[in-house]
Amino acid sequence: MGSPATAAATDGELIARYLRGDEQAAAELVHRHAAGLARFLAVHGTPDDELEDLVQEALIRAFRGLASFRGGASFRTWLLTIGGNLLKDRRRQWKRRHVIALTPDVPDTSRDPSGEAEAGWMAARLRDGIGRLARLQREVFLLRAQQGLDYEEIARALEISAGAARVHYHHAVKRLKQWISD
Amino acid sequence: MDQRLDELDPRLARALDALERRAAASADGIDAGRVAANVLARLRQPEVVAVPLWRRPAPRVAAAIAALVIGAAVATIAVRPGAGEFAAALPVTAEGSLGLLEASAAESLLAAVDQVQVEAVSGPAAPTLDDLTESELRALLQALESTEGTDL
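Taken in sequence, the protein lines are chains A and B.
For what it's worth, the numbering used here labels the leading residue of the first sequence as 392, then goes sequentially.
For what it's worth, the numbering used here labels the leading residue of the second sequence as 11, then goes sequentially.
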């Protein structure tokens, strides 16, 4: 995704360049992480028409907060955490405005009536279940199951212990399994 | 991806896989170039931070509270009989906060406020606009116009 000149640069190097005033470094970081952040937020249940705005806002907050980024977690994990917090705030606004439909999408069954319908139903059911989890269970589950992070990095990002992250993950999986099976 | 899905119950893993495919389709609608341009444009602008009232500089909060108190007192006093004494203090209070009042003007203002408070406790029910005479209504309108011009 990035330009050849900056493809080898690490996130840390790009951050340092941006802090010295190099805007291209910031643009490279956006190109590198925007899609992953969007997928993370979409799995969290962000409506499609809010997705780009939310991605943009999370990136702006991340760049403006770089002075407080201690580097304990990776930039990507830090960005996902900011996105998750931002989504939590936005959900409150959306609830007040009563404009967001929280019901699952109706699956498109036009191509494969059985397989597509079941996949669509399961995706919607899981998204609904994820939305019902406690905040830390939800965060840990998505960072682990969707983003593939190890417990130590999840713990650093969420400022909890690795043991607590394991427990939250275990409870999240148990609840989601039950939710899917009901 | 397979490794982390292996940790999950097969049905849950399939559901997560389906959800991720949908999320990826949603994310495909994101134009990274446009996002980058918008982010850089916003970063070039100075950050606007909304400061809550309780974190604002004390003099401004005090001035705002003083103006509110004065405005309320003006409106209350002006609709009552005998508002003439208070009217003398109005032009002074309209120019700024209580700190700008001269000693005599402040005393007459406080006396008028005290009188209203006593009346509120022991006097008859609060009059409505219908109870006011023409001159009292005029005084009220002037008082309201003066308070609207008060600069915080």
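Derived from the structure by calculation, the hints contain no laboratory data.
We put the CB at the ideal spot given by N, CA and C, even for glycine.
Check before you lean on any hint, since a few could be wrong.
Every beta carbon over 12 Å from chain B, so not counted as near; a handful from chain A, in silico [stated by the list, open to error]:
hint	residue
1	Gly403
2	Glu404
3	Ala407
4	Arg411
5	Ala425
6	Arg482
7	Leu549
8	Lys565
Okay, the calculated bits of chain B under chain A, using three or more residues with CB under 8 Å as the criterion [what the hints assert, rightly or not]:
hint	segment
9	20-30
10	77-84
Going by beta-carbon spacing under 7 Å, a handful of chain B positions derived as facing chain A [stated by the list, open to error]:
hint	residue
11	Ser36
12	Ala37
13	Arg52
14	Leu53
15	Gln55
16	Pro56
17	Ala74
18	Leu151
19	Leu154
Evaluation of the provided hints:
no.	hint	verdict
1	Gly403	holds (19 Å)
2	Glu404	holds (18 Å)
3	Ala407	holds (16 Å)
4	Arg411	holds (14 Å)
5	Ala425	violated (4 Å)
6	Arg482	holds (17 Å)
7	Leu549	holds (18 Å)
8	Lys565	violated (9 Å)
9	20-30	holds (count 8)
10	77-84	violated (count 0)
11	Ser36	holds (4 Å)
12	Ala37	holds (4 Å)
13	Arg52	holds (5 Å)
14	Leu53	holds (6 Å)
15	Gln55	violated (10 Å)
16	Pro56	violated (11 Å)
17	Ala74	violated (27 Å)
18	Leu151	violated (38 Å)
19	Leu154	violated (34 Å)
In this structure, the earlier hints numbered 5, 8, 10, 15, 16, 17, 18, 19 are contradicted, and the remaining ones agree with it.
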